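The sequence shown begins at 5 in this note's numbering and counts up by one.
What the hints contain is simulated information worked out from the structure, not anything from laboratory work.
Given the structure is predicted, the values throughout are model-derived calculations rather than measurements.
Hints may be right or wrong, so weigh each one.
What the hints assert, rightly or not - Listed next, the in silico DSS-like pairs over lysine-lysine satisfying Cα-Cα at most 30 Å (straight line):
hint: 1; residue 1: Lys83; residue 2: Lys100
hint: 2; residue 1: Lys104; residue 2: Lys147
hint: 3; residue 1: Lys12; residue 2: Lys154
hint: 4; residue 1: Lys244; residue 2: Lys230
hint: 5; residue 1: Lys100; residue 2: Lys246
hint: 6; residue 1: Lys244; residue 2: Lys83
hint: 7; residue 1: Lys230; residue 2: Lys127
hint: 8; residue 1: Lys44; residue 2: Lys112
hint: 9; residue 1: Lys169; residue 2: Lys112
hint: 10; residue 1: Lys42; residue 2: Lys112
hint: 11; residue 1: Lys112; residue 2: Lys206
hint: 12; residue 1: Lys206; residue 2: Lys147
hint: 13; residue 1: Lys44; residue 2: Lys104
hint: 14; residue 1: Lys34; residue 2: Lys169
hint: 15; residue 1: Lys41; residue 2: Lys83
hint: 16; residue 1: Lys42; residue 2: Lys230
hint: 17; residue 1: Lys155; residue 2: Lys246
hint: 18; residue 1: Lys104; residue 2: Lys169
hint: 19; residue 1: Lys34; residue 2: Lys83
hint: 20; residue 1: Lys154; residue 2: Lys206
hint: 21; residue 1: Lys12; residue 2: Lys206
hint: 22; residue 1: Lys34; residue 2: Lys12
hint: 23; residue 1: Lys41; residue 2: Lys90
Unchecked claim - Distance ranges between label pairs, derived from CB positions:
hint: 24; residue 1: Asp37; residue 2: Phe231; range: 39 to 47 Å
hint: 25; residue 1: Leu185; residue 2: Ser29; range: 25 to 33 Å
hint: 26; residue 1: Lys44; residue 2: Lys244; range: 15 to 23 Å
hint: 27; residue 1: Glu84; residue 2: Asp209; range: 36 to 44 Å
hint: 28; residue 1: Ile140; residue 2: Leu234; range: 35 to 43 Å
hint: 29; residue 1: Glu60; residue 2: Ala177; range: 19 to 27 Å
For every residue, glycine included, the Cβ atom is placed at its ideal position computed from N, Cα and C.
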Amino acid sequence: MDTLKNFKNTLFIDIETASGCSDFSQMTEKMQDFWVKKAKNMPNVSNVEPRELYFERAALYPEFGKIIVIGMGFLFANKEGEMSLKVKTISNSDEKELLKEFIQFINKTYKSRELTLVAHNGKEFDFPYLCRRMLIQGLEIPKSLQLQGKKPWEIIHQDTMEMWKFGDRRSFASLELLAELLGIPGAKADLSGDRVNETFYKENDLARITAYCLEDVIVVAQLYLKFHFLMLVEPHNIEKLK
5 MDTLKNFKNT
15 LFIDIETASG
25 CSDFSQMTEK
35 MQDFWVKKAK
45 NMPNVSNVEP
55 RELYFERAAL
65 YPEFGKIIVI
75 GMGFLFANKE
85 GEMSLKVKTI
95 SNSDEKELLK
105 EFIQFINKTY
115 KSRELTLVAH
125 NGKEFDFPYL
135 CRRMLIQGLE
145 IPKSLQLQGK
155 KPWEIIHQDT
165 MEMWKFGDRR
175 SFASLELLAE
185 LLGIPGAKAD
195 LSGDRVNETF
205 YKENDLARIT
215 AYCLEDVIVV
225 AQLYLKFHFL
235 MLVEPHNIEK
245 LK
C-alpha cells in the first residue's frame, strides 16, 4: 500500500499524567512554596486553597506532575494489504523506569532523526511534557524529541488539535469531540483526563488508566487518517500488543 510509505516513521502517542505526590503535604517545603506561587497565577481559582488545588491541577504541569502511562501506535499493511494499526502501552508508577523503557523503544525501533510523533495537543502538552520529565529524571532525550532552539517549521512532529484549528489560535476541541463529529468509533466515556489522578492515587487502578490511554492512541491515529482523507482502520485490523 503506497499510502503507508508516508507513515513509515510515524508514531502516534498519548500520555497520562498524575501529580508528583499523592498530597500537597508530601512535597518539600520549597516545592510547596513554588506551588503556592504557581496556584496564585491560575485563572478562576481565587476561592480555592493552593493545597486543595494541588491534587486537582498538579498533573497538568511537568514541574509538579509525572508521567504514568505512554501509549503508542503505528500503521502498517497486513498480509491482505489492508491498512492496519498496532498499539501498545507502557505503564509504571516509577516514572524514571517508564521513561527509560520509552526511550529504549524509540532508539531501537526508529531512526531517531526521521521519526515523526503525532498526538492530540501534542505540541503544547505531550511533547514538551516528555522532554521536561526526561530532563528532570536525568535521562538523555532522544534526538527526535530534542526540540529546544528549533524554529516552528523545523519541527516535523504533528498535532491533530493544531490541524483542526486551520490557523485559528483560539480554537480548542477535545479528542472525544472530534471523534464524535467525524464519526470515529472508540472514544470512551468511562474515564476522563480530570479523573486520572483520582483513579491513580485513590482507586489504585493503573490498569484502567492504561486502557483509557490505549483507546486514545487509536482515536488519534484514526483522526490523523481523517485529516488525510483516508479510510479508517477497521476494528478487526487493530492489534493491541502486550
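Hints, verified against the model:
As the CA atoms of Lys83 and Lys100 are separated by approximately 37 Å, the hinted pair breaks the 30 Å bound. For a cut-off of 30 Å, the pair hint linking Lys104 to Lys147 stands: about 14 Å separates their Cα positions. Between Lys12 and Lys154, the direct Cα distance comes to roughly 23 Å. Compliance with the 30 Å bound is thereby established for this hinted pair. For the hint linking Lys244 to Lys230, the alpha-carbon distance of about 21 Å falls within 30 Å, and the restraint holds.
For the hint pairing Lys100 with Lys246, the CA-to-CA distance comes to about 20 Å; that is within 30 Å, so the pair holds. For the suggested pair Lys244 and Lys83, the alpha carbons sit about 17 Å apart, so the restraint of at most 30 Å is met. The hinted pair formed by Lys230 and Lys127 meets the criterion: a straight-line CA distance of about 19 Å does not exceed 30 Å. A C-alpha spacing of about 43 Å is found between Lys44 and Lys112, which places the hinted pair above 30 Å, so the restraint is violated.
Restraint check for Lys169 and Lys112: not satisfied, since their Cα atoms lie roughly 34 Å apart, outside the 30 Å limit. The straight-line distance between the Cα atoms of Lys42 and Lys112 is roughly 38 Å, outside the 30 Å bound, and the hint therefore fails. Our distance criterion of 30 Å between C-alpha atoms is broken by Lys112 and Lys206, whose separation comes to about 36 Å. Restraint check: the Cα-Cα separation between Lys206 and Lys147 comes to about 37 Å, which exceeds 30 Å; the hinted pair is violated.
Between the alpha carbons of Lys44 and Lys104 the distance comes to roughly 34 Å, so the proposed pair goes past 30 Å and is violated. At roughly 39 Å between alpha-carbon atoms, Lys34 and Lys169 are farther apart than 30 Å, so this suggested pair is violated. Distance restraint check for Lys41 and Lys83: the Cα-Cα separation of roughly 57 Å exceeds the 30 Å cut-off, and the hinted pair is therefore not satisfied. Straight-line distance between C-alpha atoms of Lys42 and Lys230 comes to about 38 Å, which puts the hinted pair past the 30 Å bound.
Of the pairs offered as hints, the one joining Lys155 and Lys246 is violated, with about 37 Å between alpha carbons and a cut-off of 30 Å exceeded. For the given pair, Lys104 sits about 33 Å from Lys169 by alpha-carbon distance, which is inconsistent with the 30 Å threshold. Our distance criterion of 30 Å between C-alpha atoms is broken by Lys34 and Lys83, whose separation comes to about 57 Å. The straight-line distance between the Cα atoms of Lys154 and Lys206 is roughly 40 Å, outside the 30 Å bound, and the hint therefore fails.
Straight-line distance between C-alpha atoms of Lys12 and Lys206 comes to about 40 Å, which puts the hinted pair past the 30 Å bound. Taking the CA atoms of Lys34 and Lys12, the gap is about 46 Å. The hint is violated against a cut of 30 Å. In summary, the hint linking Lys41 to Lys90 is not supported, as the alpha carbons are separated by about 43 Å, beyond the 30 Å threshold. Under the hint 39 to 47 Å, the C-beta atoms of Asp37 and Phe231, about 44 Å apart, fit the expected range.
Distance hint for Leu185 and Ser29: a CB-CB separation of about 43 Å, inconsistent with the stated range 25 to 33 Å. For the pair Lys44 and Lys244, the beta carbons lie near 43 Å from each other, so the given range of 15 to 23 Å is not met. Separation of Glu84 from Asp209 is about 37 Å and conforms to the stated range, judged on CB atoms against 36 to 44 Å. Here the CB-CB span from Ile140 to Leu234 is close to 38 Å, well matched to the stated 35 to 43 Å.
Taking the beta carbon of each, Glu60 and Ala177 are about 23 Å apart, inside 19 to 27 Å as hinted.
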